[in-house]
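Using UniProt numbering, you'd call the opening residue of the sequence shown number 1 and step up by one each time.
Among the hints, erroneous ones may be present.
Quick list of the computed label-pair ranges, beta carbon to beta carbon [claimed, not checked]:
id, residue 1, residue 2, range
1, Asp75, Val96, 31 to 41 Å
2, Gly118, Thr94, 15 to 25 Å
3, Asp75, Asp31, 16 to 26 Å
4, Ile11, Met129, 26 to 36 Å
5, Thr8, Asn110, 37 to 47 Å
6, Thr8, Tyr105, 20 to 30 Å
7, Arg12, Lys43, 33 to 43 Å
8, Asp138, Lys113, 29 to 39 Å
9, Lys61, Lys98, 35 to 45 Å
Straight-line C-alpha distance at most 30 Å; calculated BS3-like pairs for lysine-lysine [what the hints assert, rightly or not]:
id, residue 1, residue 2
10, Lys66, Lys128
11, Lys42, Lys53
12, Lys53, Lys101
13, Lys126, Lys113
14, Lys78, Lys66
Calculated directly from the structure, the hints in this document are not laboratory data. Using N, Cα and C, we set each Cβ at its ideal position, and we do this for glycine too.
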Amino acid sequence: MSEFKLTTEGIRYIALFESLTGGVARDCIIDDENERIIFVIKKGDMGAAIGRKGSNINRVKKSIGKQIEIVEHSDDVKEFLENVFQPASIKNVTIVSKNNKRLAYVEVANRDKGIAIGRDGRNILKAKMLSQRHHGVDDIIIQ
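Let's have the full structure, built from the sequences with the hints guiding it.
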């Protein structure tokens, strides 16, 4: 697992997220460019974070005033990448080392490639950022 640093603002957002949802956040990334905040939450806390009919996550969204995205953490890089790309259907994830770089080849169902990449590439950028930060993956190639 890679080490990463949280900003003071990120720590504040994590405290707010945890107090409003009851879920445990492991990481918080503030993506000002895309007007969103990405929380990586403890495995098994997704239900608590979302709440009944989305009540908890909507409360966080209202309180912060930005789009909120949550990803469930996993110590297994393949499972983590599947979680990052949700709701896209992932067929297979292969981790390869080439030229001292760790690459992830993610095989996505044809109908879900647009979802995996996202508008203006925002989902693939999120996946690259989180996989680098949490598992030391240098690049992701969607197949």
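> Can you name, in rising order, the numbers of the hints this structure does not satisfy?
Replying inline: 1, 4, 6, 7, 8 and 12
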